[in-house]
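K.L.:
Below, each chain spelled out in residue letters.
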Amino acid sequence: MAELSDIALVTQVAVLHNKRAFDQLVRKYQSPVRRFFLNQTLGNEALSDDLAQETFIKVYVNITKFRGMSSFSTWLFRIAYNVFYDYTRSKKSEVSSLEDTPAVAVSLTSNLSPATSALKMDIYQALSQLKEEERTCITLQLIDGQPIDKISDITGMPQNTVKSHLKRGKDKLTDYLKNNGYDR
Amino acid sequence: MDMTDKDNILLEDFFKQAAQQQVEDNGFTERVMLSLPDHQAEKTHRLSLLWTWFCILLGVVLFFAFGGLETLKAGIMVVFQTVLTWLSVFLTTAPTTEVSLNPLVVLLVVAFVGVYLPYQTYRKLSAIL
Chain A
641 MAELSDIALV TQVAVLHNKR AFDQLVRKYQ SPVRRFFLNQ TLGNEALSDD LAQETFIKVY
701 VNITKFRGMS SFSTWLFRIA YNVFYDYTRS KKSEVSSLED TPAVAVSLTS NLSPATSALK
761 MDIYQALSQL KEEERTCITL QLIDGQPIDK ISDITGMPQN TVKSHLKRGK DKLTDYLKNN
821 GYDR
Chain B
190 MDMTDKDNIL LEDFFKQAAQ QQVEDNGFTE RVMLSLPDHQ AEKTHRLSLL WTWFCILLGV
250 VLFFAFGGLE TLKAGIMVVF QTVLTWLSVF LTTAPTTEVS LNPLVVLLVV AFVGVYLPYQ
310 TYRKLSAIL
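Residue numbers (the numbering used here), protein chains in the order written: chain A, 641 to 824; chain B, 190 to 318.
Calculated from the structure, these hints are not laboratory results. Just so you know, not all the hints are guaranteed correct.
Here are the simulated lysine-lysine pairs, DSS-like style, with alpha carbons at most 30 Å apart [what the hints assert, rightly or not]:
| no. | chain 1 | residue 1 | chain 2 | residue 2 |
| --- | --- | --- | --- | --- |
| 1 | B | 205 | A | 818 |
| 2 | A | 668 | B | 262 |
| 3 | B | 205 | A | 790 |
Isolated chain A, as found in the complex (with noise of 0.2 Å):
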């Protein structure tokens, strides 16, 4: 079957329930959904496939109200930022948040070669010293490339906000770079 368009793919599912349709568009989006989770989480494998799997769920419950004002993909992201959210909500009642005690959670027993296992490691390790507005924010432009606009779309935080964000986050990791000998 010839690759349908997103928008043609969410018709189906919303007026048809076509599981099939569905099925394709998880397959196109997986890749960076859970790729934006294991940024969020630090390389969080077992939690990001939870997360993901949430998000995915919510997609299809609430197609219908899905009325192509943004990209099929922002929307997307949109449901993943508030799972996410209200995960860290619901986690920072019971213990202190991933920005309080920062753990790279790659999983190195994973199939990567121990260059790629080193480099994520090190990408998460300074992705750690960022706070959470400030990660999703970077992620989303330097990973997913999203321009400011999008993020704050996806966020809903105002554009001057995701530019605060965006700039704090770039000072500091620019710091931790150059500390660990990154720039040479």
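Let chain A serve as the given structure and place chain B on it in line with the hints.
P.N.:
Relative to chain A, chain B alone:
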């Protein structure tokens, strides 16, 4: 090239590989598809609820259409008059000696009829509707 440009290049280089990283599916899509809520079951539940309300509505309409209200009124009047007759007969023929009633038994009967029975009826009706 100023410091900000250099810093930006440093950051972009650092995250370049992460930006290209693709997460393998490894059965993730199947797991998501298996955990989706079943629209068919929800639809069946909604239909059964609609059917219940339709039957109730039909029952009410038929009740009024076939003069159920008058029949009910007449039935209540008959019961009421029977009770009145029975009461008057009882009062005129009752023995003059006092009948001792245990207040606890009276309280239990009143509680059973006034509280327990209506509560159970309400509970069962809620479960059905």
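K.L.:
All the hints need checking, so say for each whether the structure fits it.
P.N.:
Going down the list of hints, with the structure as the test:
Taken as a hint, the residue 205 of chain B and residue 818 of chain A pair is honoured in the structure, with Cα atoms around 17 Å apart against an allowance of 30 Å. Among the hinted pairs, residue 668 of chain A with residue 262 of chain B is inconsistent with the structure: their alpha-carbon atoms are about 68 Å apart, more than 30 Å. Note on residue 205 of chain B and residue 790 of chain A: the hinted pairing holds, with a Cα-Cα distance of about 20 Å set against a maximum of 30 Å.
Taken one by one, the earlier hints fail for this structure only at number 2.
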